[in-house]
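These protein sequence lines are chains A and B, in that order.
Residue numbering for the first sequence follows my numbering, beginning at 353 and increasing consecutively.
Residue numbering for the second sequence follows my numbering, beginning at 5 and increasing consecutively.
What the hints contain is simulated information worked out from the structure, not anything from laboratory work.
Wrong hints could be hidden among the right ones.
Just some of the chain A residues that point at chain B, by a computed CB distance under 8 angstroms [claimed, not checked]:
| id | residue |
| --- | --- |
| 1 | 458 |
| 2 | 460 |
| 3 | 480 |
| 4 | 513 |
Glycine is no exception: its CB is placed at the ideal position from the N, C-alpha and C atoms.
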Amino acid sequence: MYDVIVIGGGPAGMAAACAAHDSGLRNILIVERDVELGGILNQCIHNGFGLGYFKEQLTGPEYAHRFIERVERKGIQIMLDTMVLDLSSEEAEGGKGPSKKIVTVVGKETGFRKLEAKSVILAMGCRERTRGAINTPGMRPAGVLTAGAAQRYVNVDGYMPGKRVVILGSGDIGLIMARRMTLEGAKVLACVEVMPFCGGLARNVVQCLDDFGIPLYLSHTVTDIKGKDRIQQVVVSKVDDKMRPIPGTEMYFDCDTLLLSVGLIPENELSLKAGIKVDPKSNGTVVHENMETTVEGFFACGNVAHVHDLVDNVTREAEKAGKAAAEYVLSNYYTLWLQNQICDGCGTSTYFRKKGDIVKFLPPSPDGAAFKMGKNEVICTVCPNGCHLKVDVEHDYKVTGNGCPKGKAYGKAEFTNPTRVVTSTVKLKAAGENEALDTRIPVKTSNPIPKTKIMDLMKLVDEIELTERPEIGTVLIRDVLGLDSNLIVTKG
Amino acid sequence: MDNKYDVLVIGCGVIGAATAFELSKYDLKAAVIERGNDVSLGTTKANSAIIHAGYDPESGTLMAKLNVRGSEMAADICEKLDVPYRRNGAMVVAFTDDEVQTLKGLYTRGTVNGVKGLRVLTGEEAKEREPGLSSEVKGALYAPTSAIVSPWEYCLAMAETAVINGTELMLNTEVTAIEREGDLWKVITNKDEYFAPYVVNAAGVDAISVHNMAAPQKYVSKPRRGEYFLLDKAEGSRTDHTIFQCPNEDGKGVLVTPTVHGNLLVGPNSENVEWDDTANTTAGLNFVREKAKKSIPGIMFNKSIRNFAGVRATTDCKDFIIEEAAPGFIDCAGICSPGLSAAPAIGEYAVELLEMSGLKTVQKENFVYERKRIRFNELSDEEKAELVKEDPSYGRVICRCETVTEGEILECFRRPIPPVSIDGVKRRVGTGMGRCQGGFCGPRISELFVEDKGYKVTEVLQDRAGSEMFVGKTKEGR
Chain A
353 MYDVIVIGGG PAGMAAACAA HDSGLRNILI VERDVELGGI LNQCIHNGFG
403 LGYFKEQLTG PEYAHRFIER VERKGIQIML DTMVLDLSSE EAEGGKGPSK
453 KIVTVVGKET GFRKLEAKSV ILAMGCRERT RGAINTPGMR PAGVLTAGAA
503 QRYVNVDGYM PGKRVVILGS GDIGLIMARR MTLEGAKVLA CVEVMPFCGG
553 LARNVVQCLD DFGIPLYLSH TVTDIKGKDR IQQVVVSKVD DKMRPIPGTE
603 MYFDCDTLLL SVGLIPENEL SLKAGIKVDP KSNGTVVHEN METTVEGFFA
653 CGNVAHVHDL VDNVTREAEK AGKAAAEYVL SNYYTLWLQN QICDGCGTST
703 YFRKKGDIVK FLPPSPDGAA FKMGKNEVIC TVCPNGCHLK VDVEHDYKVT
753 GNGCPKGKAY GKAEFTNPTR VVTSTVKLKA AGENEALDTR IPVKTSNPIP
803 KTKIMDLMKL VDEIELTERP EIGTVLIRDV LGLDSNLIVT KG
Chain B
5 MDNKYDVLVI GCGVIGAATA FELSKYDLKA AVIERGNDVS LGTTKANSAI
55 IHAGYDPESG TLMAKLNVRG SEMAADICEK LDVPYRRNGA MVVAFTDDEV
105 QTLKGLYTRG TVNGVKGLRV LTGEEAKERE PGLSSEVKGA LYAPTSAIVS
155 PWEYCLAMAE TAVINGTELM LNTEVTAIER EGDLWKVITN KDEYFAPYVV
205 NAAGVDAISV HNMAAPQKYV SKPRRGEYFL LDKAEGSRTD HTIFQCPNED
255 GKGVLVTPTV HGNLLVGPNS ENVEWDDTAN TTAGLNFVRE KAKKSIPGIM
305 FNKSIRNFAG VRATTDCKDF IIEEAAPGFI DCAGICSPGL SAAPAIGEYA
355 VELLEMSGLK TVQKENFVYE RKRIRFNELS DEEKAELVKE DPSYGRVICR
405 CETVTEGEIL ECFRRPIPPV SIDGVKRRVG TGMGRCQGGF CGPRISELFV
455 EDKGYKVTEV LQDRAGSEMF VGKTKEGR
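Please work from the sequences and hints to get the whole structure.
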């Protein structure tokens with residue numbers, strides 16, 4: 353019997369397993385449906401991860417890599433390419449002591465098995481809301497897909513969904529994909545958001561839309577989709593304060609792709625099978641403050657509990673869950689849990705999220721401004737806080753409004769020589785003739801390069817063809833374009 | 005002559021498939037001509053998925069006769085050919101005293117039509133059977149023989165069985181003209197010319213156009229669109245019966261029903277359209293939502309996972325048009341609701357008409373009437389363990405919402421009518437039917453088309469020809 357089975361090998365699952373190990377558990381298993389650990393981070397090749405937790409900017413695969421190394425070092429067991437089909441618990445013999453948790457799994461190598469554990473950590477993450485959930489009218493042609501699916505196609509498979517793109521919703525994945533599609537040669541025509549403020553982080557609006565001159569239409573939505581087989585056009589209309597389209601405000605975009613970035617939903621269908629309470633509005637797991645769910649010995653963390661903006665916060669939360677699971681197994685935590693449950697009504701444990709708080713549409717700045725920046729104003733993108741900086745161009749670029757010294761340097765650079773870290777992929781040739789089987793390896797510039805050089809760099813990146821899978825950190829081009837930055841591989 | 009057949013069927017929706025299935029029981033050289041890249045691409049894949057009991061059509065019509073007969077045949081066909089089907093029963097609910105009178109009329113009509121087991125319930129009795137019904141319900145007609153079915157699997161199963169029994173299926177073949185040549189019909193397509201003394205026109209929404217190629221115009225096509233919501237399985241038990249409202253001149257009104265896949269289906273409205281226009285509209289969806297809430301107020305529409313619309317092949321004739329339009333040329337036109345319910349009976353009747361027109365039919369001795377496919381999710385634990393041990397590809401779950409495995413997809417690649425698109429796989433094994441709508445499994449299935457079938461990236465289709473998923477690989481053609 354395992355001490356703990358962690359369901360999901362993404363950032364939440366890996367951090368929870370490591371924390372459980374650090375708190376004294378040894379017989380730990382991570383069950384992951386994909387063929388590698390890392391979860392959604394593997395397709396998030398952009399940088400900006402880890403600033404909170406590691407105090408440095410990492411790409412998604414690099415962030416994952418750090419935890420994969422930790423997991424391996426600690427000797428945590430891993431079951432890859434394995435799907436959990438069912439989850440249940442059996443009362444302990446005689447009704448005393450912790451219940452036995454049963455995890456039914458299936459996998460090509462794993463076979464069909466029922467695993468037993470003293471505790472379970474749920475870390476299944478979330479899925480994207482789809483067109484059907486928001487009832488967008490119009491035809492249902494190919495070329496309408498969620499931003500996350502497009503991200504996998506582009507970054508992992510190297511399949512290009514289209515060349516003229518409209519994005520509905522201003523969630524972070526949509527913004528990130530606006531930049532990715534642009535770097536890969538597509539024309540992103542517009543990002544359309546029904547709310548009067550942006551759904552994603554301020555830094556992503558600056559780096560993914562503004563940098564490439566992509567317009568963001570707030571208080572607008574897609575009111576028609578045209579094209580019987582492949583999408584040909586979308587109609588975008590302004591909405592009133594009740595989010596109803598205003599006739600006469602239609603704009604027509606000829607496009608071959610519509611990406612949807614309209615929110616994320618915790619993936620809790622498995623939790624329900626174990627009788628765990630799930631918030632009907634947000635679909636997030638209902639958890640106590642120690643991340644234990646409403647069923648004894650089951651813990652939840654990461655996007656399955658509620659959707660996070662930042663992976664760093666997922667990691668911290670997952671560590672809490674891992675520690676709690678260890679305490680549950682090692683101490684006689686069963687009693688504690690009962691006490692906790694008794695206190696349920698008096699506020700000891702709480703719903704993690706407020707009722708109705710399904711998708712986080714946080715205004716990007718305290719005043720809710722939609723990035724209509726005045727002259728000499730910029731949003732700092734060094735960290736997710738997105739400070740609004742004022743830069744006095746006439747007095748040596750004196751910066752005000754910054755929350756830290758980094759903001760000062762950023763503000764000045766934006767007006768003298770704005771720079772960006774560029775992330776993309778390079779081709780990895782597959783054996784055999786079919787080019788469709790070639791995959792993509794993520795890369796980044798080791799240092800920021802001038803914004804004006806981004807497209808020159810992309811031309812070089814596109815020409816690279818690898819025939820063998822490189823190590824993480826491998827330098828592909830030294831001192832690229834003479835810009836004092838190396839092009840390096842970001843995935844192992 | 006290679007291109008000469010005994011019978012040609014035009015169209016492979018559920019009517020063409022049922023006709024081909026019926027023909028394949030006899031020693032005949034038959035072929036089905038379908039312009040799409042798959043079967044079941046028209047109205048068959050976008051409707052209410054109901055096998056109606058048969059109380060609704062005017063007594064004495066073809067609709068009444070064939071609906072009741074078709075509904076009887078469906079249970080056996082679905083069992084033998086492994087098509088998801090469940091006799092869940094239906095209720096027509098009344099909200100006013102006038103509507104209660106309408107129920108009594110429907111009861112009488114149904115009984116005359118030969119529908120078994122009909123009963124008129126009081127409001128209380130109805131709510132006892134279906135607690136989710138509105139408190140406004142004053143009475144209901146209960147029809148125990150009404151059933152739900154997977155329409156595209158129904159069509160596919162009959163088409164596959166026809167193919168297994170020797171019928172030829174020509175996909176991507178569009179009829180452009182029909183001429184008389186001696187005693188034969190010459191059917192001219194974008195591919196080739198085909199000859200036969202007998203033709204069955206089962207071209208769905210385009211059946212009137214196909215008729216006009218072979219005979220003088222008689223009826224006018226008046227397609228009507230219906231829009232739907234498909235809701236998450238979490239809403240699938242909102243009702244166990246199919247709930248109708250009293251019919252009006254636009255049809256049977258908005259219904260609420262569970263599907264055989266466990267979801268909740270809500271719709272349709274009814275609206276004239278100029279062409280095969282399957283777009284959803286905000287007005288149409290709002291109408292459906294409001295009407296459905298009248299029957300079952302508790303429906304959680306925030307659990308919607310998909311909208312779709314289908315176009316009914318209605319004409320200016322109130323009945324089905326199943327007749328010999330020219331010598332040996334049988335029309336199956338105007339097959340609107342209850343067309344799916346009547347389908348096998350229409351196939352049977354079409355063959356009767358062919359026989360009356362002179363077609364000689366001799367029963368095949370070795371007619372294959374069985375079909376099985378593995379549904380991993382429905383197996384017992386022991387069966388799952390055994391299957392994965394035997395073939396590990398059944399151990400890799402590709403569609404996590406519906407628990408569909410790689411083995412099931414690879415198996416459908418090797419069936420008599422293999423899929424050529426992501427949606428083709430969906431119709432065969434149920435991938436992408438669930439709450440993420442293919443967001444996770446779409447990439448994996450695209451990869452399988454590339455890896456297993458050797459497709460180029462630009463050849464991967466969402467559905468019909470022209471629905472390419474990708475413009476190419478990245479790093480190309482900047």
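Each hint tested on the structure:
Because the closest C-beta pair between residue 458/A and chain B is about 5 angstroms apart, less than 8 angstroms, the hint holds. A least Cβ separation of about 4 angstroms between residue 460/A and chain B falls short of the 8 angstroms threshold, and the interface hint therefore holds. Annotation: interface hint on residue 480/A holds; nearest CB of chain B at approximately 5 angstroms, less than 8 angstroms. Taking 8 angstroms as the C-beta contact cut-off toward chain B, the hint placing residue 513/A at the interface holds, the least distance being around 6 angstroms.
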